[in-house]
Amino acid sequence: MAVSTRIVALALITAGAVGAGTWATVQYLNRPARGPAAAPAETARPAAAARRIKATLYYVSADGLRLAAAERDVLFAEGTAEQARRIVEALLEPAPEGLASAIPPGTELRGLFVGERGDAYVDFGGSLRTNHPGGSTSEILTVYAIVSAVTMNLPAITSVQILIDGHEVDTLAGHVDLRRPLPSAPQRAEKGTT
Amino acid sequence: MRVRFLRAVVSLGVVVAAAAPVEAQAPRGAVPYSVLSAEGRRSVAVVMVGDQEMLRLDELAPLLQLTVREDRAAKALTVSRGASVVVLSLDQGLASIGGKILSLAGPPVRDGSRWLVSPDTVSRALAPIAGVRTEVRRASRLIVLGDLRVPRVTVQQEPGGPPTRISIEIIPRAAFTVVQEPKRLLVRFDADGLDVGPITAGGGLVESVAAADPVTLAIALDKAFGTFRAATVPIDAASSRLVIDLTAAGAPAPAPSGLARAAQPPPAPAPPAPPPPAAAARLEAAVALPPAQPPGIRTIVIDPGHGGDEQGTRGAGGAIEKDLVLDVARRLRSVLDARLGIRVLLTRDDDRVVPHDERASIANNNKADLFVSLHANSSPNKSAKGAEVFYLSLDGLGAEARKMVESPEAVPVPMLGGGSRDIDLILWDMAQARHLNESAAFAMLVEEELRRRVEMSPNAVQQAPFRVLVAANMPAVLVEMGFLSNPEQEAQLTSDEFKNRVVQALFDAIVRYRARIDAQAAGRRP
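Chains as they are written, first to last, in this note's numbering: chain A, 1 to 194; chain B, 1 to 526.
Please keep in mind that the hints were generated in silico from the structure rather than gathered at the bench. Remember, predicted model here, so these are calculated numbers, not experimental data. All C-beta atoms in this analysis are idealised placements derived from N, C-alpha and C, irrespective of residue type, glycine included. Nothing false has been slipped in among the hints.
Which stretches of chain A does chain B cover? Using the computed rule of at least three CB atoms under 8 Å from a CB of chain B, they are: (1) 138 to 148; (2) 165 to 177.
If you anchor each label on the Cβ, the simulated ranges turn out as follows: (3) P186/A <-> D147/B: 45 to 55 Å; (4) R451/B <-> S127/A: 33 to 43 Å; (5) R51/A <-> V353/B: 44 to 54 Å.
Turn these sequences into a full structure, and let the hints guide you.
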């Protein structure tokens with residue numbers, strides 16, 4: 001029993017990173033993987049300084065009611081989790097001309113962890129919640145800009161749970177249920193705008 | 001890959017071990033929990049840690065036939081019974097059962113040489129491996145061990161009368177007898193104990209209702225009491241309602257009917273004549289009582305979104321969502337009260353924080369037939385405008401919820417009466433799943449009526465995984481009246497005229513939905 005107990009205990013501690021998102025833990029697990037990892041959806045393209053890939057990111061459409069897809073250059077990274085982190089970091093940068101960002105300015109990405117079942121846990125600083133303007137539409141756009149950016153570019157990731165300061169939260173602004181990973185929702189990620 | 005993963009985990013143990021475990025800070029006493037088992041009732045101490053109630057693991061473990069061992073290296077408590085093992089992290093609210101990870105309200109807390117665990121931990125992490133069936137009812141501060149029959153009983157006196165009507169909800173169903181004694185009626189349950197929920201009674205022919213002994217409720221009677229009639233109404237497969245009609249001495253007896261005739265006591269002489277002999281009637285059979293009100297929409301819960309520190313969204317002109325939606329909710333209540341005469345409840349009638357689950361509980365516990373959550377919207381783009389109506393989507397709820405929608409008979413129906421009982425989280429979360437079709441139908445009616453009166457967004461009806469809707473056990477929608485982020489809409493939304501248009505639209509949608517329900521009921525009648 002001692003061995004099995006120890007394995008269970010170890011699994012528990014690993015999951016600790018999932019549930020409560022210990023920052024050190026997340027960083028550790030997100031170190032670049034050496035083994036085979038899911039390739040980004042877009043092929044890699046060498047850039048002048050650092051290698052970059054094309055990724056589809058999601059912003060607020062001109063009518064303010066939908067997500068609009070836009071292709072952006074994102075730093076290449078080895079490993080699914082590391083690439084997911086680069087994609088979310090790119091999403092936090094200012095939106096392209098003509099579109100608005102669905103993420104409140106000043107939002108900080110604290111960590112990102114990918115579980116064995118393809119669930120990504122994306123941990124943001126508290127300002128994502130405190131700076132959020134509220135309203136169902138705004139909240140849906142924020143949540144699905146993040147979910148879509150990660151899942152639509154990285155087929156190995158099928159769902160995303162948003163954490164705040166390392167903790168699970170009920171909602172960001174009182175509407176969307178964030179207690180579990182949200183699966184990819186292609187219908188919410190519109191195509192078209194570049 | 002697997003080897004590398006485990007190695008990473010081993011290293012992680014060191015990282016996590018660096019954190020100090022939480023300790024109980026100045027624990028103080030609190031109202032204990034009761035443990036009901038075949039051996040009788042005993043209490044277990046509650047220690048407050050901050051505002052969290054914790055139970056002593058050294059008291060509970062023997063009752064649940066569990067062995068506890070601290071694994072300092074893994075920073076975990078190992079709780080086991082034979083080969084069944086639960087590992088509780090000491091750093092975070094997480095447990096591992098058979099390789100499955102469970103998120104808990106918090107980690108165990110050290111209190112001197114003892115360990116304290118939350119009722120949530122007992123219910124969700126320890127109960128599954130306990131040597132005896134373990135049910136934690138947090139609202140009742142009760143832990144039921146073994147196959148004891150401890151129904152939850154909730155007593156409500158219906159407004160109005162005569163006759164004075166007392167309604168007792170019994171979950172799960174239990175047989176009972178009603179016995180008339182001088183000045184009181186005794187309702188004695190065939191059970192091992194009672195979990196007595198809220199009692200709302202008094203007035204008319206009833207002075208009070210209270211527990212008389214562990215399995216009996218006593219209804220204290222006014223001296224004008226003459227006779228009573230009782231019958232059970234099945235609610236669903238698992239619960240039933242006992243309805244007792246009381247009439248005054250000298251008043252016409254309740255209308256003759258073949259119902260619950262066995263419950264008729266002998267005619268009671270008027271006081272101060274000697275009391276009648278005790279009359280008892282067993283009412284196990286589900287004898288139908290004509291409903292006090294016609295079928296259809298009897299209770300509506302209106303949920304003004306946000307409140308207190310949770311202000312919701314704000315307009316540039318200063319309008320605040322929480323105030324706006326409360327104003328509209330009150331207006332809607334007035335109209336429904338005055339024109340439909342149905343029972344209307346607000347999840348909040350003032351400016352305060354109401355947790356999402358409490359909003360759903362208010363609707364579920366009051367057997368609401370409709371749940372309408374009111375909100376005002378916002379978009380990063382100021383041009384966004386128009387009203388939107390949402391009902392629940394099952395994104396993220398998992399396969400069980402979908403199964404429930406596809407084959408509702410195949411999955412046990414969550415039983416949501418009886419206050420904030422310690423209900424399995426997953427079942428609670430699926431409550432709305434079985435009402436999705438009706439929620440969609442109601443959402444369409446709301447959209448049609450709103451469209452006649454206010455501007456609609458191009459996404460007029462949508463599905464979304466909204467937190468407040470998941471646990472509502474009745475058709476439920478969330479209405480976004482318009483965008484406060486749009487200055488033009490903010491001016492509209494704060495005007496009496498616009499609010500009244502929204503109220504009229506919701507009123508008309510409710511009337512149409514009621515007609516739909518009535519037509520469905522008529523269609524079912526032979």
